[in-house]
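Asks: Chain order of the listed sequences is A and B. For the first sequence, the numbering used here gives the first residue as 1, with consecutive numbering after it. For the second sequence, the numbering used here gives the first residue as 1, with consecutive numbering after it.
No lab work stands behind these hints, which were simulated from the structure alone. A virtual CB, placed ideally from N, CA and C, is assigned to each residue, including glycine. Wrong hints could be hidden among the right ones.
To be verified - Listed next, with one range per pair, are the computed distances between beta-carbon atoms:
#	chain 1	residue 1	chain 2	residue 2	range
1	A	Phe39	B	Pro262	19 to 29 Å
2	B	Pro126	A	Asn343	45 to 55 Å
3	A	Ile171	B	Gln26	17 to 27 Å
4	B	Ala37	A	Asp79	35 to 45 Å
5	A	Ser247	B	Ile125	16 to 26 Å
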Amino acid sequence: MPLKRLVGYVGIVIVVALIALRVAGVSLISADGSLLSSFSTTLSIFSTRFLGIFIEAAPFLLLGTFTSGLIEAFVSREDIARLIPRNPIAATVFGAFMGIVFPVCECGVVPVARRLFTKGLPMSAGVTFLLAAPVMNPVVLVSTYIAFGFGTILIGRFVITAVVAIAVGLIFALNANPIEVLRPTSLAPAMGGSGLIDGGNLIKPKRRPLGEGLAAAIQLAADEFFEMGRYLIIGSLLAAAMQTLVSEESLRQLGTGPVQSVIVMQALAFLLSLCSTVDAFFALAFAGTFTTGSILAFLTFGPMVDIKSTLMFLGVFRRRTVVYLIVLPLLMTMLIGIWTNLNLSFR
Amino acid sequence: MELSQPHLHHEHERDHEHHHEAHNDQSDMLREWLKVAVLLGLGAYFIYNIISGNLSNYINVRFAWLSYVAAALFMLLGVFGAYSLLRPKPHEHNHDHDHDHDHDHGISWVGLAIVSVPLLLGTLIPSRPLGADAIQGVNMSVVAVDETLAPTDPATWNVLDWLRSFNMNSDIHSFDGQAANVVGLVWRDANFAENQFMVARFTISCCVADASPIGLPVVFDDAQSYPTDTWVQVNGNFRVEDFRGSEFPVLYATSIEQIEEPEHPYLYP
Numbered sequence: 001m002p003l004k005r006l007v008g009y010v011g012i013v014i015v016v017a018l019i020a021l022r023v024a025g026v027s028l029i030s031a032d033g034s035l036l037s038s039f040s041t042t043l044s045i046f047s048t049r050f051l052g053i054f055i056e057a058a059p060f061l062l063l064g065t066f067t068s069g070l071i072e073a074f075v076s077r078e079d080i081a082r083l084i085p086r087n088p089i090a091a092t093v094f095g096a097f098m099g100i101v102f103p104v105c106e107c108g109v110v111p112v113a114r115r116l117f118t119k120g121l122p123m124s125a126g127v128t129f130l131l132a133a134p135v136m137n138p139v140v141l142v143s144t145y146i147a148f149g150f151g152t153i154l155i156g157r158f159v160i161t162a163v164v165a166i167a168v169g170l171i172f173a174l175n176a177n178p179i180e181v182l183r184p185t186s187l188a189p190a191m192g193g194s195g196l197i198d199g200g201n202l203i204k205p206k207r208r209p210l211g212e213g214l215a216a217a218i219q220l221a222a223d224e225f226f227e228m229g230r231y232l233i234i235g236s237l238l239a240a241a242m243q244t245l246v247s248e249e250s251l252r253q254l255g256t257g258p259v260q261s262v263i264v265m266q267a268l269a270f271l272l273s274l275c276s277t278v279d280a281f282f283a284l285a286f287a288g289t290f291t292t293g294s295i296l297a298f299l300t301f302g303p304m305v306d307i308k309s310t311l312m313f314l315g316v317f318r319r320r321t322v323v324y325l326i327v328l329p330l331l332m333t334m335l336i337g338i339w340t341n342l343n344l345s346f347r
Numbered sequence: 001m002e003l004s005q006p007h008l009h010h011e012h013e014r015d016h017e018h019h020h021e022a023h024n025d026q027s028d029m030l031r032e033w034l035k036v037a038v039l040l041g042l043g044a045y046f047i048y049n050i051i052s053g054n055l056s057n058y059i060n061v062r063f064a065w066l067s068y069v070a071a072a073l074f075m076l077l078g079v080f081g082a083y084s085l086l087r088p089k090p091h092e093h094n095h096d097h098d099h100d101h102d103h104d105h106g107i108s109w110v111g112l113a114i115v116s117v118p119l120l121l122g123t124l125i126p127s128r129p130l131g132a133d134a135i136q137g138v139n140m141s142v143v144a145v146d147e148t149l150a151p152t153d154p155a156t157w158n159v160l161d162w163l164r165s166f167n168m169n170s171d172i173h174s175f176d177g178q179a180a181n182v183v184g185l186v187w188r189d190a191n192f193a194e195n196q197f198m199v200a201r202f203t204i205s206c207c208v209a210d211a212s213p214i215g216l217p218v219v220f221d222d223a224q225s226y227p228t229d230t231w232v233q234v235n236g237n238f239r240v241e242d243f244r245g246s247e248f249p250v251l252y253a254t255s256i257e258q259i260e261e262p263e264h265p266y267l268y269p
């Protein structure tokens with residue numbers, strides 16, 4: 001199973017990174033006092049920082065998984081398909097805002113998008129939905145607001161996400177041959193695809209009774225909490241380790257270059273695969289030392305593309321399409337981030 | 001790839017179940033119970049933080065309601081999980097065997113270990129707010145977010161209020177002789193003279209991830225007898241003088257009292 005191996009590799013990379021940080025940090029920490037007492041102090045600071053991020057983020061992760069469970073249990077694909085405009089450009093723009101009704105993070109969005117494709121949803125709208133929904137939804141609005149307040153980061157995050165997602169969607173609208181873009185299992189049956197994701201469900205859409213639906217939603221929420229929780233916890237451990245062990249001075253060096261800082265944050269966004277509902281709290285740890293453009297790049301690129309969404313994309317799209325879905329948002333958010341750093345100044 | 005569809009296999013499930021090996025079933029059950037235990041444990045941990053007041057070591061108490069939500073949802077998930085494991089299983093829809101697919105195996109053990117990390121750190125390591133050891137450098141220039149400072153009595157101002165009003169006031173010399181009474185942590189670095197330290201606080205707006213240390217320079221003859229990282233209440237008057245190369249109000253203490261850690265260790269801007 002490639003995911004298992006990948007998680008293993010990521011784990012090893014993180015452990016090595018932590019050890020490297022520890023080595024880099026030792027000289028800083030043993031500056032005063034004995035090594036042992038400084039270790040317990042460091043552990044205590046590390047634990048406080050980690051738990052701070054976790055305690056603030058956990059409620060949002062839970063709300064996200066509950067929402068996802070409820071959608072899964074109660075919303076049928078027909079309900080969604082009925083809402084989409086017929087005009088391709090209108091559908092693309094509409095796709096960017098569908099997240100307001102279906103607040104899913106980047107993990108929940110892929111299965112939903114795939115289900116929509118099998119219903120014959122226009123390529124462009126589906127791609128835009130896929131890229132935008134993890135940010136353009138009320139849960140992320142609230143978590144970003146709580147982390148950063150109302151200001152540049154909040155507005156920038158939503159505007160950039162909408163612009164990039166619609167732009168990529170329109171590019172797909174130009175080359176809208178689903179057969180070349182989608183894997184056969186994601187194609188609508190009318191296009192010659194098997195289109196059978198969940199067996200008989202396609203033929204007889206069933207609406208569940210309330211009690212049974214709620215029970216299923218809670219079950220799904222619990223499973224998804226464990227699925228997504230580990231990405232959150234690994235990310236929080238790394239953020240806390242970084243804050244505790246790496247001196248602010250060296251962080252500032254890494255985080256001040258207008259180009260370099262953006263690339264560093266994008267790499268982190270991809271590797272950490274944080275859930276979009278909670279990544280604002282992670283980014284907050286960097287906000288003091290990293291450039292505004294790099295924080296914006298992190299908060300816009302991460303929700304669109306990361307390790308786990310790439311794996312999920314491979315289940316929906318053909319390989320070449322997946323490359324486009326990674327490279328286009330990467331370059332766009334990178335350019336916008338760098339442009340922001342060079343042209344706008346913030347206090 | 002079945003990654004994206006972990007939960008829609010009830011139909012197949014019924015067939016699989018019958019030729020399921022016994023030891024697999026046992027290990028699945030154990031894992032399911034551990035999941036329930038972790039969920040209930042996290043719920044209990046949140047409730048404990050709320051009741052003990054430790055929550056203020058981690059987050060801005062303005063967002064304490066989020067932790068109430070988290071505690072309730074963890075408990076709901078845990079209790080429901082326990083209930084569905086205990087109840088006699090109906091044959092129609094067996095939700096408890098969702099994990100029969102190999103993508104869920106293996107990872108979940110690792111995942112379970114990872115998800116219990118907050119529980120382990122939260123219970124094994126005594127809860128402490130960030131202290132002087134977490135300070136690498138103190139910020140003395142604080143931008144006032146809202147330009148109108150509440151017209152309160154300066155005698156009640158904390159470190160943050162003072163720094164804000166220094167920042168807002170164009171004539172720094174107007175603070176000469178002004179009396180102040182502030183609470184904070186003792187912090188010093190190698191550059192401090194024997195009679196100096198910094199009375200420092202952390203400000204947090206969301207949680208400790210954005211903690212930022214701020215402080216006022218203090219001069220007191222007996223400064224040495226207050227070790228770094230102790231909480232003190234400093235009474236004195238400002239004298240505007242050269243501090244680290246610029247004119248700054250330095251608090252000349254008339255009395256310093258060692259105090260208990262305040263209920264809310266952080267200041268909220």
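Asks: Does each hint hold? Answer for all of them.
Replies: Structure-based check of all given hints:
1. Between phenylalanine 39 of chain A and proline 262 of chain B the CB atoms are about 27 Å apart, so this pair conforms to the stated range of 19 to 29 Å.
2. Range check, proline 126 of chain B to asparagine 343 of chain A: about 48 Å between beta-carbon atoms, so the 45 to 55 Å window is met.
3. Against the hinted window of 17 to 27 Å, the Cβ-Cβ separation of isoleucine 171 of chain A and glutamine 26 of chain B comes to about 52 Å, which falls outside the hint.
4. At about 37 Å, the beta-carbon gap between alanine 37 of chain B and aspartate 79 of chain A stays in the expected band of 35 to 45 Å.
5. Checked against the hint of 16 to 26 Å, the C-beta distance between serine 247 of chain A and isoleucine 125 of chain B comes to roughly 23 Å, which is consistent with it.
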